[in-house]
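**Student:** Could you build the full structure based on these sequences and the hints that come with them?
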Amino acid sequence: MGQTAWVYLVLVLLAGAAWLLSRRMGRVAGRWRVPDWLQHAWGTPQTPADAGAAAEEAERIAAVLEDIHRELAGDGTRLRADVAVALECMNDEIRSELARLREELADVRTQLSALQQALPGCNAAPAPEAATRAAGRTPTMEEAAAVTGMPEEVQPGPLSGLADADAERYFRILEAWQAGKSKEQVAMETGVSLAEVDRVVDLMTRPGTGAM
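Note that the numbering used here has the sequence shown beginning at 1, numbered continuously upward.
Among the clues, some could well be false.
For each label pair, taking beta carbons as the anchor points, the in silico distance ranges come out as [to be verified]:
#1 Gly52 - Leu98: 36 to 44 Å
#2 Glu71 - Leu20: 27 to 35 Å
#3 Ala179 - Leu65: 53 to 61 Å
#4 Ala53 - Glu88: 33 to 41 Å
#5 Ala81 - Gln117: 47 to 55 Å
#6 Ala81 - Ala179: 43 to 51 Å
#7 Gln185 - Arg100: 27 to 35 Å
#8 Met90 - Leu65: 27 to 35 Å
#9 Arg109 - Glu66: 57 to 65 Å
#10 Thr77 - Ala49: 36 to 44 Å
#11 Glu71 - Gly180: 55 to 63 Å
Okay, derived cross-link-like pairs now, EDC-like style, lysine to aspartate or glutamate, Cα gap no bigger than 16 Å in a straight line [as the list claims (entries may be wrong)]:
#12 Lys183 - Asp198
#13 Lys183 - Asp202
#14 Lys181 - Asp198
The hints are simulated quantities; they were obtained by calculation from the structure and are not laboratory data.
Even for Gly, the Cβ is constructed at its ideal location relative to N, Cα and C.
**Tutor:** In structure tokens:
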């Protein structure tokens, strides 16, 4: 035998000894595993644990694919059931939101009703003024006085027409006041005078109005 053959033989013997030593130490430790370099060199198969994990993953993927294929090949019953459940959940949320909006609308109507009862002229028949506005012109002071039943000289302030036709304006004043804003801020936001804001707040904070 040549020198090169002896070298290869020694290397093979050393590799075999290392493999046996690694196997013996792995068994003693309870977790024997072929070294990576030897597994790569000799093509040693995977350990049973690795093979089992890979098989489980493959089975799971196959089950998912089979489920998808069955659903696509079928009549879509389960898909329709899932969509129906999702729509039912959305309908429940929509119903809850509508109920909340109805409650808020009822509160707004209650406050507007209290405003109409507390402010002078809000309960009067609005037909003359409504006809005037429908004709495209602003009612005069005499027409406003005829609607409210109040003489022209006692109409409160330069924006007195608000007490007759714009109860919503008063509601905005009251809403801003209840939000904690000062009377000056309320007057600037609503575009009315500070005296008008004082009058509305005074009317709505009186006992018995039911708006606060």
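**Student:** If you test the structure against every hint from before, which numbers come out violated?
**Tutor:** 1 and 2
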